[in-house]
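Residue-level listing of the chains:
2 protein chains.
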Amino acid sequence: MEPGSFTKPPKTWRNWLIGNPLQTADAPNQTIGKLIGLAVFASDALSSTAYATQEILMILAYAGASALTYVFPISLAIVTLMVIVSISYEQTIHAYPGGGGAYIVARDNLGELPAQTAGAALLTDYILTVAVSISSGVAQITSAFPVLFPFRVEIAVGMVLFVMLINLRGVKESGTAFAIPTYFFVITMFITVGVGFFKYLTGTLGTVVNPPAFETAGLLTAVTPFLLLHAFSSGTSALTGIEAISNGITAFKEPRSKNAGITLIWMSSILATLFLGISFLVSPIHAVPSESETVISQLARTVFDGQGPLYLALISGTAVILIMAANTAFADFPRLSALHAGDGFLPRQMTFRGSRLVYSRGIITLAAVSSMLIIIFQASVTRLIPLYAIGVFLSFSLSQAGMALRWWKSGHLKDGEQIVEPGSIVTHDEKWLGKLFINGFGSLCTFVVMVVFGITKFKDGAWIIIILIPVLVTIFFSIHHHYKNLAKKLSLQNYHSTTIKRHRVIVLIAGVHRGSLAALSYARTLSEDVTSVHVSTDPVESKKVKEKWELYGEGTRLVILDSPYRLLVEPVMDYISKLLEMRQPNEIVTVVVPQFVPKHWWENFLHNQTALMLRMGFIFKPGLVIIEVPYQV
Amino acid sequence: MEPGSFTKPPKTWRNWLIGNPLQTADAPNQTIGKLIGLAVFASDALSSTAYATQEILMILAYAGASALTYVFPISLAIVTLMVIVSISYEQTIHAYPGGGGAYIVARDNLGELPAQTAGAALLTDYILTVAVSISSGVAQITSAFPVLFPFRVEIAVGMVLFVMLINLRGVKESGTAFAIPTYFFVITMFITVGVGFFKYLTGTLGTVVNPPAFETAGLLTAVTPFLLLHAFSSGTSALTGIEAISNGITAFKEPRSKNAGITLIWMSSILATLFLGISFLVSPIHAVPSESETVISQLARTVFDGQGPLYLALISGTAVILIMAANTAFADFPRLSALHAGDGFLPRQMTFRGSRLVYSRGIITLAAVSSMLIIIFQASVTRLIPLYAIGVFLSFSLSQAGMALRWWKSGHLKDGEQIVEPGSIVTHDEKWLGKLFINGFGSLCTFVVMVVFGITKFKDGAWIIIILIPVLVTIFFSIHHHYKNLAKKLSLQNYHSTTIKRHRVIVLIAGVHRGSLAALSYARTLSEDVTSVHVSTDPVESKKVKEKWELYGEGTRLVILDSPYRLLVEPVMDYISKLLEMRQPNEIVTVVVPQFVPKHWWENFLHNQTALMLRMGFIFKPGLVIIEVPYQV
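Residue numbers (the numbering used here), protein chains in the order written: chain A, 1 to 633; chain B, 634 to 1266.
Careful, some of the hints might be misleading.
Lysine-lysine pairs mimicking DSS-like chemistry, simulated, CA-CA at most 25 Å apart [what the hints assert, rightly or not]: (1) 1121(B) - 548(A); (2) 409(A) - 431(A); (3) 644(B) - 546(A); (4) 644(B) - 578(A); (5) 578(A) - 1134(B); (6) 599(A) - 1117(B); (7) 1232(B) - 488(A); (8) 543(A) - 1122(B); (9) 501(A) - 1134(B).
Since the hints were derived computationally from the structure, they do not count as laboratory data.
Using the sequences and the hints, build the whole thing.
Structure follows, in structure tokens:
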């Protein structure tokens, strides 16, 4: 084979579906700029403006209509937390230019167990992001077209598969495909909030016409600190998705960290502005939390004086962004699982990049598991949502704790000293104490939010996640144990080459025919020491075999094993076991089994699968090799 | 290994379930006498007395109550047919002592196509016998305990599995288990008919008290010849099962033919007597065909003056015999399928006798397919019954046509001449013309019955069978073609031994470690001509492999295949294909693939299955052997 020649994948229907294969050397061309990056990684975070304010109002409603005014101060608190988390992640992006999600930060600073926990939490949450956001997008569609309601599960799974296919085409193409709807949503949302503020300042903003009924659940409670904390934690769903960019740094064009960092700042600014704007405007218009009409819809109706084209633009943009939030998970889950796999905590195959240079196995895994969730939970957002967000806050908390520890290390280094860690290099930082405070405070806040979440939503389904994450971490460590153990066993330390001194070859003979004679002549090329073995269930038949063997057996020894119980495989296994017991070190036994290769697959059912059964019976025997010698019919 | 030592099957839970294994030499002890034989082979035929009379009345009812008196003459006609068929089969049993079902008779006298058709028809019918009789037995149970109705499918499948297990224990034990209920049914039925006649002759037989309503379906029709023919063909369901003994001759003690023949005569006599008796008595008691109460129940109530212990004994005996009719099919189906398989029309594995000397694969196949039917048809007798009986009459017709032809041959032989056929020896018979007439007439009658059946029940489901039988026959012939072709290819006629002159060995190397070095040292025992091949998806990695190979490769050549599209298997397949293209005759190529053998099966998912994929890619290449060299971790 001449150098430079190599195998191109064959053209198949896959080329049409996901595009032509890309060479490994093309990888740098598959990165994206800031504008596309914002569309790819921000749709998850930005889509939360569609429901975060409403979530806060829903909780405050327990204390009656007057309590609803707390929505703005609570939103301010959430935005403060958002700023802290964003600053933390902006710092992380610069500290970890090779990708600095919670997994890497925890791994380098806190150790393997917290890292695997953070990773498991994030992977779980990405799966839920797909299930929840697609289901909620489909729910918007089925509210508009109730006739589609019975097919919601099929539509949702179909959309998961669609997003999967787009992602299998590669990050560049998926980014372009998703940029337009993301910017459409952002622009219409800004117009809504902007017009709302203009009317508010000019005194022309009215209140909601025909608002939905104000529903109170039984007795009103007082405005307790717990209620406010509960409302706060419900509203923090606005923060989900903010970590996405830190996992995806390597998808950005060089200079990666700078581009990723700027994109993060854009994203947080847009998110904070829209969220605060909405939370401010709901009070003057007297918006009411309700299951039958979203707060966004009430706001848009009031701002645009009815259900005109701008109202429709915002509502349809909202439906689309919810479906696209899934795309963020598709961008991050495969990268994160490849990181786990690279460290040996998930099957190594997850690091394999498919024909389009994306981690195709991660993409397919995400699509499969989230489709399963959608089917199990029948695409019900209400049943899926309590499982959601705990994982994100757990990973926030671990990641920021890791960063805090990193500042501690940084502060105790002398100028010019450095610690080289797998994911980054730690040097001295003048402002380490302030940064440590920010990260430590952020870690504490997100931890508290997670605990409140876990407690208030435990019965509704959060328990599933609280059980699932330790289970996943255990699985990750068993996989890791396997790879570590394998590497130790395969290591060439203290390796001494051994030559095989004796090679016994056994040929299994069901009858004397061209197939078994082909196997015999193959066996005779392997070794001088060839024995043929025939299992006899019928004395007449075996006498014939013996006679024919004398003619055709080329002088090799024939052993006939009597089988009065009509067993076929077991007598051979017994015979070979006895040989193996007598085996010297440096001796090897090979069993040659003639195997017909029929023209059609179904014809295999017409033959005994002796080789297969021997292989299954002998899988744990050292010093034994089983060979099927094919005979084409 | 010393002579006389052989492998005993290991003790497992199977011994407890189906008994200890039996040696092949035990086979003659596993035969049965006439009393047990009647129980094993007659339950199918005898159970038809439970419904045959009613089936006739149901059709006659279309012409009003007065037409019901035709039941006895029609029954007489059916019994005449029964006598003809019985005589035919009694003659067959003596002509074919090795088993003489429709399949063998048709094969020896009519040729392969009619034989396979008869066999396919019978096999189909045995499957339906199990499904119909178990379902109808369960229907009796659920009529008594309506609370069990929702579980009828589960109960029916459970009973199929129970009958299967009993049959896997062996024909002797299953016969003993089923003899008691069969004789219980026969005796209670005889008491019922006997007491009925006694009361009739003494003038004390009344009429049915509170008979079910006489239901007429729309307008009454006249008593046309077609109606009578229809009623006749419906009543011929009494004949199903009469062929059972002829297929099962080898299960009888020596002298086989005599024992089997006598059993057949007993069975036919019992069947004819009970059937005629019942058909005679229904008129004087004014029994009414009805869906809500069976004719048997009306008769028993009238004879025994109410629902006393004898009434209950008959009804429960009827339920049990219906379930046991399945046992006849379990006795015959495996034997018949073993005959087909022995002639190469079904997978040869069907001829393999299991640990208890029964054709266990046939038994399991029958249980599986009939359970599937029960599940598909939800254990509904009404939906299953139109599929039933066509097959039996088709095989009757073919079998008797074959016998007629045999008498023709016999009549044209000179005294002392003989024709040796696979299943029997034909000699001159003085009475050949009379016997030819009986068989020819029987064949015609059963053929007409089959056609009437097919036409009147076509829409209800008979079409399934009319399509299925040719499909099965086609499958049988494709299997036969495979085996014939294989035998031709494997035949040693004109065989010249060829010695392999060159043996190239390729070792696939993913990395340099103990696993790949073990494969290398194995490969070096096979041939002098060893090349190692490494697929490179990462230049850094393959440089390392190259360097390590210089240290550990024992001087063997290393070929590195560049794979810029990150393919693993395809470059190897390309490389090997090129080698094979250049291959000389008498040259063979062996690919050695190192294979980890992990401790736990799930750990296989953590590795690429390269050997498996190569094997699948190369299954059709001549001159290539693929070897996995296991490396135990």
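Hints and how they fare:
| no. | hint | verdict |
| --- | --- | --- |
| 1 | 1121(B) - 548(A) | holds, 17 Å |
| 2 | 409(A) - 431(A) | holds, 12 Å |
| 3 | 644(B) - 546(A) | violated, 32 Å |
| 4 | 644(B) - 578(A) | holds, 20 Å |
| 5 | 578(A) - 1134(B) | violated, 33 Å |
| 6 | 599(A) - 1117(B) | holds, 14 Å |
| 7 | 1232(B) - 488(A) | holds, 15 Å |
| 8 | 543(A) - 1122(B) | holds, 23 Å |
| 9 | 501(A) - 1134(B) | holds, 23 Å |
Of the hints listed earlier, those the structure fails to meet are numbers 3, 5, in rising order.
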